[in-house]
Amino acid sequence: MTDTAARATSVVAPTRVRRRLRGGGPRAGTVAAFLTPFFLPFLLFYLVPVGYALWQSLRVVRRTGGQYGTSYTAFGGFEQYAQVLRNTEFWSSIGRIGLFGVVQVPVMLFVALVIALLLDTPLLKLKAFFRITAFMPYAVPGVIAAIMWSYLYSPQLSPVVDLLNGIGLKPDFLGPGAVLWSTANVSTWLWTGYNMLIMFSALQSIPQELYEAAKIDGASNWTIAWRVKVPIIAPSIVLTSVFSIIGTLQLYAEPAVLRQISSNISSTFTPNMLAYTVASGNNYQQAAAISVVIAVITFVLSFGFMRLTSKRAGL
Amino acid sequence: MRTRLATVAAAAGVAVLAACSSPAPSGEASAASCTPAKGKVTLQYWNTVPGMDKVVDLWNQRHPDIQVETKNISNDQYGTLGNALKAGKAPDLAQVGYDELPNLRTQNAFVDASACKTATAAKSKFVPWTWSQTSFGGTGVFAMPQDTGPMALFVRRDLFEKYHVAIPTTWDAYASAAQKLHKADPGLAITFFDPNNAEWFNGLLWQNDAKMYGYSDDKWQVTVDSARSRQVAAYWQKLISGKLVRTDLANGSTQMYAAYQKDRIASYVGAAWGYSMFRDNLPKQAGKWSVVPMPTWGTDGASGDWGGSTVAFMKGGKHLYESVEFNTWLNTDPEALAMENKLGGLYPAASAGLRLPSLEKGVAYYGNEKIFDVFADSSKKIDTSFAWGPTQKTVNLALQDAMAKAAAGDGTLTDALSAAQHAALTSMKDQAIPVTAGK
Amino acid sequence: MSNPSVIRESRVSRTAVMALMLLLAVYFLLPVYFLVVAATKPQGDLAATNGLVFSHFNLFENLRVLFTRSDGVFGRWALNTVVYAVLGAAVGTLISALCGYALAKFPFRGREVLFSVVLGGVLVPTTALALPLFLLFSATGLVNTYFAVFLPSIVSPFGVYLARVFANASVPQELIESARLDGAGEFRTFFSVAFRLMTPALVTIFLFQFVAIWNNFFLPMVMLQKESLFPITLGLYEWNGQTARAPLLQQSVITGSLVSIVPVIIVFVLLQRFWRTGLAAGSLK
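Just so you know, the protein sequences line up as chains A, B and C, in that order. First residue of the first sequence: 33, per the working numbering; consecutive thereafter. First residue of the second sequence: 237, per the working numbering; consecutive thereafter. First residue of the third sequence: 12, per the working numbering; consecutive thereafter.
So here's chain A without its partners, still in its complex pose (with noise of 0.2 Å):
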């Protein structure tokens, strides 16, 4: 058991270093034993997969001739990539969601800083009760969260637009202006309580003292929150800033939800509903293109976004 695995992790633990380690760390095989069981499924589900859309993404179809000729796949160098960046549809997909990000994701975390600020007031009572409902739809999964919601924006069906309609407002949830917003709040509803349960976290964990000396110089508990709270959890902020804008560019279950009930929603909504239907339509290669384009995109966005704040903060 343990030479698969040491011949497994060969790749990750140099085998040179085999008898005892700097520092009179275990030896290199029980070291193997303690990764191996991560690195090989890492190995296999993450990395290699990368690399094969990576692979995939060099190649083109070709096809024998004829009305109806068989396909094969040969290489194709960036072709894939230059229809990709040719494509309005990629690009609208893009804009979409990049317009969907910079609105919903500040409102969203700011909305959740509110909340943890509150909580960590002594301004507020009934505060676990507050917690938890917020907290709550980070238990249910985008699909439900979807369902529940879109029968809130069903015109036939919605209490709400019902209500809306009782004092003359005529609101259209799923319309083609508005769906990318009624999108944009089922985002919303799921991930506040989380996003607000990071910062409310790391609230808690400063240590009281540090207010006191603010207190006693008379700063209201408004100042105490923005200058002394925030920037204390600054990094915390950051860090969902960064999962937010993850989650923004893989959206994909909510939408196609939605899409079951409203027509203004594409087939090519989002990046990754774009990438799905080239893929149905049994365009892999040029999948994989775009699932690669949308990886560096994230990439450069989260990486970008801590370093910028990094420096700003001067963390």
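Since the hints were derived computationally from the structure, they do not count as laboratory data. Heads up, some of the hints might be wrong.
Unchecked claim - Here are some of the chain A residues that sit facing chain B, going by a computed Cβ distance under 10 Å:
(1) Gln115
(2) Gly209
(3) Thr309
(4) Ser342
From the three backbone atoms N, C-alpha and C, an ideal C-beta is built for every residue, glycine too.
Fit chains B and C to the known structure of chain A by using the hints.
Relative to chain A, chains B and C alone:
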């Protein structure tokens, strides 16, 4: 766990290596051999028809040696099938719409069953246009026609009478009826235009002889955007722009039924298989509905087909003989056809099916009208040379996306045709299919 | 504290804060409340009655229909979800803990490089992996099996990251050293000393991974065609898509949604403190 992971690791490695060597292009599959298996076989049959499991139960009772297992793949029929094909795990038989046959054929998804006598002999048992679709106009047998969707107009006779509007027989008359109904009751629309339903719109194109594809000079000729298709697009665009039809309803959705339930819509441009939709979902409106022939464009009275399916012989199936036996029974045996009609609302593609006792009677829900006479008449007037394209699904999606935009006021249906034309050309080029824009 | 202006400020603030939080609470509870109400109604009342008001109490009949529909396939989905999400998260937590502990406590060459690779893995969008994985799995015959969803699900780079952070924070080096002096092997040290100290952290990692799998819709959608292998999310999505042709499914989609989220909500609320301690440790490093 460890050993299993190691096995997977090895397997994945092999896959990567195997994938590195370019697979040799194989020629088109020739007709497979047709020998009965020794002993009991089990066939897989994937479909989207409600109640099909009961029809299959009947077969299974009578044929202990050819057992059939069904699976419902309604939600993502072609995604599921495409994935299974890619994985080499396709079933023996699968329901495939007429419009998806060319696509799957270019993926080499079918087996030619023409080596089986039962298969070739079945030709005479089907309505001619359906057989030319499943044989691609040649001598192969890649699927058996199952049902068709000859189009007709479903009307709420009571609403037309209430507002003294004659039931239209031409599209011009339909447009003015739309106006009259809307004027009489601003909350009432003559019908709805579902922008996410390319299949329906294609049926309307079919009716106007707007052929989407041809094949000549060794190339596919794409004519999705043509003078005849633009005529259809401009007509519906006018109704949409005039707010005479609703665009917020998806066909078959609960919302759609709710709108009909509340008397907000007066007609439905539908197909034969749709007769059960209203019967089952709007039982309170029994007696108020009628079925009349499609409004026509000119004087020739041509009709169109919307939907309908075949049961295809999928590549990888190991029991061709048994598949042919079951498939033929399923789609030509009067008892099977009667069940499919009753449980799934299928309108048979088999000529014998059109004379089912249940299809010759009046239908209670429709005031005992003999509605199937209307559909039978419609099916005779369907152009038999209309052909689908090898990337039809991609084209349909592009058409839908653009039609949804048009319905939302961003562009027009004519723009949608050009988007679909563009999608047809690029998607076929992506698949290395020889293609050019036809005239 | 006795300053009257501070008291006035806080009274106004208290009211404003309470009002704001109540509004937010309504927002968070509304869809769930709607689901509870809808799940108790007969199908016919869904469109016909106000969605926020109870009508005929039909919950038990709805449940019976839900669990008997299509030969009880919903029960199967629930079981599958447990296999994918609970078992997958348990296995995933164990391997993450081993790896994170080793990365934290064992000095070996290449450690930081490995850790960076894991961190890079955190940023790889898992949906980007689903399509290439599908193609790889289809070549190996793994598509449309439990393993197609289970195996990729056990890998959680974020879990390793957390495990390393937690191991550093909660397992003192001296304890490990003294266990070693007592002659304990590394695995025994891990399971008898570190595992116990890390338990609250491991619960957190488990919960995170459970949510990740429970939420991952794209992977099973791409991998599975056989209905009997579906997790609940995919099953409900499929049913929801069929409501157009079979509107009676709507009630089962609603009841099924309720049935599947209630136990998870309860467990989450009960285990809240693990979330908080875990999240705090995870985000501060």
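Now the hints, each set against the structure:
no.	hint	result
1	Gln115	holds, 7 Å
2	Gly209	holds, 8 Å
3	Thr309	holds, 6 Å
4	Ser342	violated, 37 Å
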